[in-house]
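Enquirer: Chain residues, written in single-letter form:
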Amino acid sequence: MYISRLKLKNWKNFKEVDIPLTERVFVVGPNASGKSNFLDVFRFLRDISKPGGGLQKAVTERGGISKIRSLAARTFPDVEIEIHLSEYGTTVPLWKYSVGIKQEIRGYRLPYLTQEKVWKGEQLILDRPDKDDSQDHERLTQTHLEQINANREFREINKYLENTVYLHLIPQILKYPQAFAGADLSGDPFGHGFLEKISKVNEKTRNAWLRKIQEALKIAVPQFKAFSYAEENGRPHLEAVYEHWRPKAGKQREEQFSDGTLRLIGLLWSLQEGDGLLLLEEPELSLNGAIVSKIPALIYKLQKPKKRQVILTSHSTDLLNDRGISLDEILLLDPVQEGTSIKIASGIPEIKLMLQGGMTPGAAILPRTKPKNINQLTLGF
Amino acid sequence: MSIYINLVSEDAISEFTMMKLLDSFASKYYIHNTYPANGYGYIKSNINGFNQASIATPFFVLTDLDNYPCPPELILDWITAPLHPNFIFRIAVKEVEAWLLADIEGFSEFTGVSQANFPANPELENDPKQTLINLARRSRRRDVREDIVPINNNATIGPNYNERLMQFVSDFWNLERAIGRSTSLQRAFNKLDNFNFTQPA
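Residue numbers (the working numbering), protein chains in the order written: chain U, 1 to 381; chain P, 382 to 582.
Bound conformation, chain U alone:
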């Protein structure tokens, strides 16, 4: 399954969105146009669905409804999210899930549901608020999606959303985890527990995945020779051997790896592990352009057998120069007066014509995401 349509109302900087999504999605846009906020919709649904999660926690972790609701929201103050789930390769919805949230105007100002609906195909099977909700208002502080007792009819949706993975690996956090000790963020978005995650995979699978990564690193990283997993005093490590003029030179540990090497390891690992929705934040960071240009095809190759959806954000021309990317797969975020609007690149006539004239998606689209007066950026200094 994959998310084939997304509708938003008042989610962060998106006042109103209704767009089809493909199995592979590239989100582009200027700085602060809301690329991460877009990905956060899916993380939010995951946080509701996962064990130990739930609506209250998902909202609180984001600083309350006032931080989630669009500043442009006025006459209609509810935050609404609707997703359609379809079989991979088709667009007919198997499921639709919709949730609306508001904040109590008195008391603890808890978030509560204004609605929660589930359709199986086109048939409405859950329609809240229902009779029980009107008798007991407290019930509206929890979704049925998060409750095992209540989501039996549509647990498939819960399981799908729970498996969403977000990755924005920050090499320094992985290298110096003790320096970034603090509350664990839900879903480990920045790679704090990346090594633990590797350690939890059974040995045979782990070795198979690491071997594939090793082969890729041998090509991508000059002088890189071999790569292995090791444990010391119960703590997991990655070790690498580099070709060296001194043959007995010691192994290098993750804290000595370059930022680019670690980000590449993170990317290649996350593409192999799991089969839920994968959200990647700027996978091009720290990587050489020639490597970046291979990412779209690599994602395609690894997502297809698993029927897994991948949504990524990017600023990279190298990445979007891949002519194998369809304009239907590119979402262009455009900040306008009232928040940000989302356009599918194939819906913009001149972009389509540029491609027909032989341009790459990157050359046709990315110039539109740069600031209008970029040449004046340095004038004030």
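Treat each hint with caution, since some may be false.
Listed next, with one range per pair, are the computed distances between beta-carbon atoms [claimed, not checked]:
hint : chain 1 : residue 1 : chain 2 : residue 2 : range
1    : P       : D508      : U       : L185      : 54 to 64 angstroms
2    : U       : R246      : P       : E527      : 24 to 34 angstroms
3    : P       : K409      : U       : D18       : 46 to 56 angstroms
4    : P       : R568      : U       : D334      : 27 to 37 angstroms
5    : U       : Q115      : P       : K409      : 49 to 59 angstroms
6    : U       : R74       : P       : Q567      : 21 to 31 angstroms
7    : U       : L298      : P       : K409      : 45 to 55 angstroms
These are calculated hints, taken from the structure and not from any lab test.
For glycine and all other residues, C-beta sits at the position ideal for the given N, C-alpha and C.
Got chain U; can you put chain P on it based on the hints?
Expert: Positioned in the frame of chain U, the structure of chain P alone reads:
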């Protein structure tokens, strides 16, 4: 009603000069998207794309003649499909810097270099960028000199070349004077003056 126009240029200073040129038509043009390249290669390889896209929205492309003997030869080499009426393709002879040098009075005032040192016909300069840099080298204004002149032989332009020249274009460059000494600028001006947007069928 304004014509929404897209700009394709070789570098920041070309783009800025195009904007200034469009400004001279008051509200006739409104700049939509800009596609700044790094050199001519990008324009050459994407020219069919921009030409095609002109069906939907007009494009104004400016490139330098550089080493081609004359504009028709460049066109013959670059362009394979017929140009759409909404596609404004202009060539600066030999570089956009010649358009800037064509306002001798303005550039002399900007640099403090005597007008006597300027070429009377900048379009005949073999390497106008170098001519401009050599003039800036004589400038009594230290900031102008240091920004425009390369720090040593291993760089081709100064460390703040584009921004300093943009300041010239915005505060000193006089289009009328420049047109008087540059045929390619005159032609670009006339083309923009006579241009009307052809709506897609």
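Enquirer: Now tell me if each hint is right for this structure.
Expert: Verification of the supplied hints:
1. P:D508 x U:L185: 54 to 64 angstroms: holds, 57 angstroms
2. U:R246 x P:E527: 24 to 34 angstroms: violated, 46 angstroms
3. P:K409 x U:D18: 46 to 56 angstroms: About 37 angstroms separates the Cβ atoms of K409 of chain P and D18 of chain U, which means 46 to 56 angstroms is violated.
4. P:R568 x U:D334: 27 to 37 angstroms: holds, 35 angstroms
5. U:Q115 x P:K409: 49 to 59 angstroms: holds, 51 angstroms
6. U:R74 x P:Q567: 21 to 31 angstroms: The hinted range 21 to 31 angstroms is violated for R74 of chain U and Q567 of chain P, with Cβ atoms some 53 angstroms apart.
7. U:L298 x P:K409: 45 to 55 angstroms: holds, 48 angstroms
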